[in-house]
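As they're listed, the protein sequences go chains A, B and C.
So the first sequence is residues 897 to 1023, counted in this note's numbering.
So the second sequence is residues 897 to 1023, counted in this note's numbering.
So the third sequence is residues 897 to 1023, counted in this note's numbering.
Misleading hints may appear alongside valid ones.
What follows is a set of in silico ranges between Cβ atoms, one per label pair, in the way DEER data are often shown [unchecked claim]:
#, chain 1, residue 1, chain 2, residue 2, range
1, A, K960, C, D918, 17 to 25 Å
2, C, D987, B, G955, 49 to 57 Å
3, A, H997, B, K929, 45 to 53 Å
4, B, G955, C, K908, 20 to 28 Å
5, B, A910, A, A910, 24 to 32 Å
6, B, L954, C, R992, 42 to 50 Å
7, B, Q977, A, R957, 40 to 48 Å
In case anyone wonders, no lab produced these hints; they're calculated from the structure.
Computed from a predicted structure; not experimentally measured.
Heads up, the beta-carbon is just placed ideally off N, CA and C, and yes, glycines get one too.
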Amino acid sequence: MPLARIDLITGKSADYRRTVADIVYEGIIGPLKAPEGDRFQVITEHADNGLIADPNYLGIRRTKDCIFVQVTMNEGRTVEQKKAFFKHVADGLQQRLGLRHEDVLINLVEVRKENWSFGNGIAQYAE
Amino acid sequence: MPLARIDLITGKSADYRRTVADIVYEGIIGPLKAPEGDRFQVITEHADNGLIADPNYLGIRRTKDCIFVQVTMNEGRTVEQKKAFFKHVADGLQQRLGLRHEDVLINLVEVRKENWSFGNGIAQYAE
Amino acid sequence: MPLARIDLITGKSADYRRTVADIVYEGIIGPLKAPEGDRFQVITEHADNGLIADPNYLGIRRTKDCIFVQVTMNEGRTVEQKKAFFKHVADGLQQRLGLRHEDVLINLVEVRKENWSFGNGIAQYAE
Chain A
897 MPLARIDLIT
907 GKSADYRRTV
917 ADIVYEGIIG
927 PLKAPEGDRF
937 QVITEHADNG
947 LIADPNYLGI
957 RRTKDCIFVQ
967 VTMNEGRTVE
977 QKKAFFKHVA
987 DGLQQRLGLR
997 HEDVLINLVE
1007 VRKENWSFGN
1017 GIAQYAE
Chain B
897 MPLARIDLIT
907 GKSADYRRTV
917 ADIVYEGIIG
927 PLKAPEGDRF
937 QVITEHADNG
947 LIADPNYLGI
957 RRTKDCIFVQ
967 VTMNEGRTVE
977 QKKAFFKHVA
987 DGLQQRLGLR
997 HEDVLINLVE
1007 VRKENWSFGN
1017 GIAQYAE
Chain C
897 MPLARIDLIT
907 GKSADYRRTV
917 ADIVYEGIIG
927 PLKAPEGDRF
937 QVITEHADNG
947 LIADPNYLGI
957 RRTKDCIFVQ
967 VTMNEGRTVE
977 QKKAFFKHVA
987 DGLQQRLGLR
997 HEDVLINLVE
1007 VRKENWSFGN
1017 GIAQYAE
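Looking at chain A on its own, in the form it has when it is part of the complex (with noise of 0.2 Å):
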């Protein structure tokens, strides 16, 4: 059920963006525990100048090449899996496309079960 945004800048191949996506559908499966198939995702691109990270904040620096991931997804979640899953799309992202670690912003908005229909209409998740 999880439904992720990812905002990245333009120019990065289709390649980098699908790997990407992929990276945080893993985690998504692995420490946030969703099940296999469960993949919702919106990936955007923007202009550097549409796609603002502070270069400094918290003495972390980054680049125009942050990415941005807003996880919606259903409340439950421990601390510990929510740990997990930050630490799991900031390695993927740097072991499989160099992306420097400083360079994620995740961001998680948690919801009820009933607030998902994933097709014809259902609240699949509602009881």
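Based on these hints, arrange chains B and C on the given structure of chain A.
Positioned in the frame of chain A, the structure of chains B and C alone reads:
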């Protein structure tokens, strides 16, 4: 007060997109019982690699035409109202645009009533 | 930590869009009391049929220039702080860009403090 984000594949007509937005709005003032005129919507087109909907999650067959609808609204709606909204949107899209029932993902995000300003820099719902 | 999504009509200058973002940021570190430098913003332009704001909801006259501001932030702000933020943004847009007071829609989404990673794959606010 609902703010609806509608994400869909690029290449549909302006009429098609407007009708999607009309149907979502009618569900908001219908089953979700928002006041008439309470219409605030962002409609974004995406290349097919910018919108990823699993083609089989929960056994529901989705295509590239899958539309994502994310509605931020005040808390307080019942599960029955939410279910009726989901059904309204999926039925409307099928009846008026021929969209398959399976090709609709809907997510609701709930907030407090003081979290809105509809203009003039005032929190119109705060009291 | 606030992540702000700013959606507006296409065709304004880069300076205009930057000033909108500056005003939102100043409201975040001002009335909402986020730390200085806490600036993460996504600014998206839309064709006029991609941004629908009712022209008269609650008796407020809106035009095609209406700007949507959606801010995801930690829970815990008071109603007074939220009201001051709304006023700051609407006043700033009018004073610095000549935008009508009516043409600003603002929505806040609140999350838990452990729901953020600002880089390095760490939940900086978790403890």
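Item checked: Ascending list of hint numbers which this structure does not respect -> Number 4 only.
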